[in-house]
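Asks: Assemble the complex: chain A is given as a structure, and chain B must be docked to it using the hints.
Number of protein chains: 2
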Amino acid sequence: MSLSPAPVVVREVGLRDGLQILPRVLPTAHKLEWLRLAHEAGLREIEVGSFVPARLMPQLADTAELVAFAKTLPGCKPSVLVPNLKGAERAIASGAHAMLLPLSASHAHSLANLKRTPDEVVEDLRRIVDLRDAKGSDCLVEVGMSTAFGCTIQGRVEPSEVLRLLKAALDAGIDRIGLADTVGYADPLQVKTLFEQCLAVAGDKLACGHFHDTRGLGSANVFAAWQAGMRRFDACTGGIGGCPHAPGASGNVATEDLAYLFASMGVPTGLDFDRLMALRARVAQWLEGEPLHGAIWRAGLPKTVAA
Amino acid sequence: MSLSPAPVVVREVGLRDGLQILPRVLPTAHKLEWLRLAHEAGLREIEVGSFVPARLMPQLADTAELVAFAKTLPGCKPSVLVPNLKGAERAIASGAHAMLLPLSASHAHSLANLKRTPDEVVEDLRRIVDLRDAKGSDCLVEVGMSTAFGCTIQGRVEPSEVLRLLKAALDAGIDRIGLADTVGYADPLQVKTLFEQCLAVAGDKLACGHFHDTRGLGSANVFAAWQAGMRRFDACTGGIGGCPHAPGASGNVATEDLAYLFASMGVPTGLDFDRLMALRARVAQWLEGEPLHGAIWRAGLPKTVAA
Chain A
1 MSLSPAPVVV REVGLRDGLQ ILPRVLPTAH KLEWLRLAHE AGLREIEVGS FVPARLMPQL
61 ADTAELVAFA KTLPGCKPSV LVPNLKGAER AIASGAHAML LPLSASHAHS LANLKRTPDE
121 VVEDLRRIVD LRDAKGSDCL VEVGMSTAFG CTIQGRVEPS EVLRLLKAAL DAGIDRIGLA
181 DTVGYADPLQ VKTLFEQCLA VAGDKLACGH FHDTRGLGSA NVFAAWQAGM RRFDACTGGI
241 GGCPHAPGAS GNVATEDLAY LFASMGVPTG LDFDRLMALR ARVAQWLEGE PLHGAIWRAG
301 LPKTVAA
Chain B
1001 MSLSPAPVVV REVGLRDGLQ ILPRVLPTAH KLEWLRLAHE AGLREIEVGS FVPARLMPQL
1061 ADTAELVAFA KTLPGCKPSV LVPNLKGAER AIASGAHAML LPLSASHAHS LANLKRTPDE
1121 VVEDLRRIVD LRDAKGSDCL VEVGMSTAFG CTIQGRVEPS EVLRLLKAAL DAGIDRIGLA
1181 DTVGYADPLQ VKTLFEQCLA VAGDKLACGH FHDTRGLGSA NVFAAWQAGM RRFDACTGGI
1241 GGCPHAPGAS GNVATEDLAY LFASMGVPTG LDFDRLMALR ARVAQWLEGE PLHGAIWRAG
1301 LPKTVAA
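Chains as they are written, first to last, in the working numbering: chain A, 1 to 307; chain B, 1001 to 1307.
The hints are simulated quantities; they were obtained by calculation from the structure and are not laboratory data. Cβ coordinates follow ideal geometry from the N, Cα and C atoms, glycine included. Hints may contain errors.
Stated by the list, open to error - Label pairs and their calculated CB-CB ranges: (1) A:E290 <-> B:P1053: 43 to 53 Å; (2) B:A1284 <-> A:P5: 40 to 50 Å; (3) B:A1278 <-> A:R156: 39 to 49 Å; (4) A:R156 <-> B:E1040: 24 to 34 Å; (5) B:A1006 <-> A:R156: 50 to 60 Å; (6) B:L1056 <-> A:E196: 44 to 54 Å; (7) A:T28 <-> B:A1029: 52 to 62 Å; (8) A:P23 <-> B:G1266: 32 to 42 Å; (9) A:E290 <-> B:K1135: 51 to 61 Å.
Unchecked claim - Okay, derived cross-link-like pairs now, DMTMM-like style, lysine to aspartate or glutamate, Cα gap no bigger than 25 Å in a straight line: (10) A:K303 <-> B:E1158; (11) B:K1303 <-> A:E158; (12) A:K303 <-> B:E1161; (13) B:K1077 <-> B:D1138; (14) B:K1303 <-> A:E161.
Chain A extracted, bound-state conformation:
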């Protein structure tokens, strides 16, 4: 125990996963300040938006501008969600550090959300990797496997199907992949087991845990994935995000809560707690009327954990 534990990366996804379900459009000036404050708080990986058609998601129409600004911040690695080949072209053109491609482990969720079967989506992954290589781009291709722990439409999702799709995605040539508890169904025992199984197959290409706190198990699930060996997690400032299928439920795990969880365990994240709280306060102003979530903001740090 004399060596410091390995650091953990927290990726801020509030600007995409947090904002996309809100009806309001956050002005670009506020998003730029969000990026600046997040960077000041030590966040380096930031999902800034999505290359979907602006008519479908006007909240995220300024994604290219946000990528360009993020690249001016020292060490900042902006990533973008990409739903298809056309989005991938825009991500490559933007100079984003990584593009995030959704793949549903639930067949029913895949059809409802992406209008394609999981295996059709894997075929798209292959085309996107080929496009990226043909363009000579170094934009990383990262898959986010959604509904990996269960689905509000089909219910149970078999671990064997998660493992099958994980292998298929890796065979398609992607750079890294994460598992997402999109609807807040995961429990920590399931999380630890599935991450261990997937790490045994994917090694360090399994590179993200994405959890929602819908049912109060967000931090427990992050801890369980960390125990399995995961060292990179998504989070949203203020725990925004949520799930349109669970009214009143909280959303993604809060960035400041993960910063506290890891600080409490002595795991370095490079994050500055007070600056995360300042960012949270600004987001609360900008999103006035929207419920924020998370836990540590109420009581603050204990005496035993330094900011």
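Replies: Structure of chain B alone, referenced to chain A:
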């Protein structure tokens, strides 16, 4: 994995730990209904009150009546908090299943809260065990070691001091002991490590984990203690309780959240989720104006977990 996991006992402590910090006095009739509904929901171990002088804590003045009623419910095992020898006499006379004795691992907390050093409290434990034996009572003597994971007054609490006091309490002849995160300072890595160390010393006499959700880590800490081998946990319906030193912070882990945590992992508790939610709704009525806490009540059970 073909065998069912070992069952977990959740002890409801809302009637004591939850109510004692509230300024209002809940009428005895409501407490009796709380007991009845808790029993219907499958709770068998219930901390019903405390034998402290009624002038100090009028909220709990009806403790003897609650013990008597709880004993009429099939299989119900009422426990009571006891601060000293006089309280122990009353607990024995009441016929309670167990008396719970606080012992602070933090020297500063012990002086502030109990006006005695931890070692003086251990001497009291010995006298209380002797009294119980002299009376021929089968009332269990259980110690709750508070501030075992840190203290708002002194900050850090050394694990070596927790282990020293654990051994001293066992040497005093107590029946069982639990570790309490009284002020919500614990993190899951610390919890897993300290419970493992204490289990190695105390074996099955280490019989309770008591966690607060002050900083959002309640469920993570319960999971970590469960991983270490703990199979018995305290909880309060609606997550009431809290800590007077952390205004606005939530309180004990919620009974219904623990029921969900263990159900989600396939661990039997004997609890009926819908009836726990019905109890929560009644408590919310009785305590109108007091904030309730917990997480699962908002989103409800997932499709993959049966009530």
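Asks: All hints, please: hold or fail.
Replies: Right, here's what the structure says about each hint:
no.	hint	verdict
1	A:E290 <-> B:P1053: 43 to 53 Å	48 Å, holds
2	B:A1284 <-> A:P5: 40 to 50 Å	41 Å, holds
3	B:A1278 <-> A:R156: 39 to 49 Å	27 Å, violated
4	A:R156 <-> B:E1040: 24 to 34 Å	30 Å, holds
5	B:A1006 <-> A:R156: 50 to 60 Å	24 Å, violated
6	B:L1056 <-> A:E196: 44 to 54 Å	51 Å, holds
7	A:T28 <-> B:A1029: 52 to 62 Å	59 Å, holds
8	A:P23 <-> B:G1266: 32 to 42 Å	39 Å, holds
9	A:E290 <-> B:K1135: 51 to 61 Å	60 Å, holds
10	A:K303 <-> B:E1158	14 Å, holds
11	B:K1303 <-> A:E158	14 Å, holds
12	A:K303 <-> B:E1161	18 Å, holds
13	B:K1077 <-> B:D1138	12 Å, holds
14	B:K1303 <-> A:E161	18 Å, holds
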